[in-house]
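> Turn these sequences into a full structure, and let the hints steer you where they fit.
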Amino acid sequence: MLRRPCLAPLEDEVRPRGSGAPAAGWAASAQQAEEALLKALRRGDEAAFLTLVERFHQPMIRMAQMYVSSAAAAEEVAQEAWLGVLEGLNRFEGRSSLKAWIFSILANCAKTRGVRDQRSVPFSALGPEDDEASVEPERFLDQGHPRWPGHWSEPPQAWGEQRLLTQETVVQIARLMEDLPPMQRAVMTMRDVEDLGAEETCRILAISEANQRVLLHRARSKVRKAMERYMRDSEAKP
Amino acid sequence: MSAALPGELTCRELVELVTDFLEGQLPLADRTRFELHICYCGGCRAYLQQMRALVAAAGKLTEESVPPKAKAELLQAFRHWKRREEA
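Just so you know, the sequences run in chain order A and B.
With my numbering, the residue at position 147 of the first sequence is 150, and numbering never jumps.
With my numbering, the residue at position 75 of the second sequence is 98, and numbering never jumps.
No wet-lab data here; the hints were simulated from the structure.
A quick note: this is a predicted structure, and the numbers were derived from the prediction, not measured.
Each hint can be trusted.
Here are the simulated DSBU-like cross-link-like pairs (lysine-lysine), alpha carbons at most 35 Å apart as the crow flies: (1) Lys114/A to Lys105/B; (2) Lys94/B to Lys102/A; (3) Lys83/B to Lys228/A; (4) Lys105/B to Lys102/A; (5) Lys102/A to Lys225/A; (6) Lys92/B to Lys42/A.
Right, dumping it as structure tokens:
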């Protein structure tokens with residue numbers, strides 16, 4: 004069942020292209036590819052549309068889950084967002100990336116739906132409950148150490164890049180991200196999985212730059228900590 | 024015998040600054056202290072490498088494919104949109 008569309012936000016609400024420093028490093032070729040895709044979509048090219056759906060539909064559902072209470076509602080929100088995308092397609096001027104624009108429509112739909120369903124939007128997830136250290140304190144020499152207070156007592160080992168990029172390890176990272184508090188997961192997903200810039204992420208999630216960075220730091224630190232354990236345990240296996 | 028100099032970052036402090044460093048958001052003086060520390064501390068170099076590797080690996084996450092039913096419904100919506108645009 005398809006729902007009515009959400010309205011597309013004004014593009015200016017998403018990051019204006021070419022504003023921000025390194026995050027705006029839009030390769031000319033990527034931009035050209037996006038323009039070609041847009042042109043095909045506006046022509047009504049179904050293959051182009053399906054490419055877009057394959058690329059974004061599941062991430063959109065997962066993002067919607069952070070705002071609404073059921074899996075079914077999240078799917079409906081994603082569908083509504085697609086209608087919003089179609090609705091706005093001819094007005095989209097490419098001042099933000101297509102990806103950032105799509106996610107901002109999704110976030111709008113999800114927030115509206117979350118409010119309607121009386122589900123509080125989890126912005127409080129940034130709360131003080133979560134000020135744990137990025138690394139267990141016992142990994143460091145204590146402050147009274149005569150020569151190296153606060154330095155590693157048990158230093159980390161570099162990870163083999165090859166091993167980290169195996170299917171199994173990547174799946175493990177996905178699993179660990181699932182366990183993060185909602186906003187931490189949202190930020191790490193936008194930044195590290197979807198490769199959106201800091202500014203875009205702030206706009207989509209309606210959070211400040213400083214919050215964004217704190218959330219990203221906590222998310223990455225937690226996942227790193229758990230990955231370290233995982234890597235060590237799986238190395239210990241015969 | 025060497026020891027940490029006063030005013031230098033400790034490893035324990037450094038791990039809390041890693042994201043600001045990677046984001047290019049450390050004030051200049053802190054960035055200098057960070058980089059100095061990294062020069063002599065193998066443990067923190069490994070830590071930074073782990074963080075970078077983690078970010079790279081997260082970028083490889085791929086999604087399961089879209090269920091055929093959802094895809095069919097969305098395609099339907101696209102065709103509907105196209106007809107309306109043409110009208």
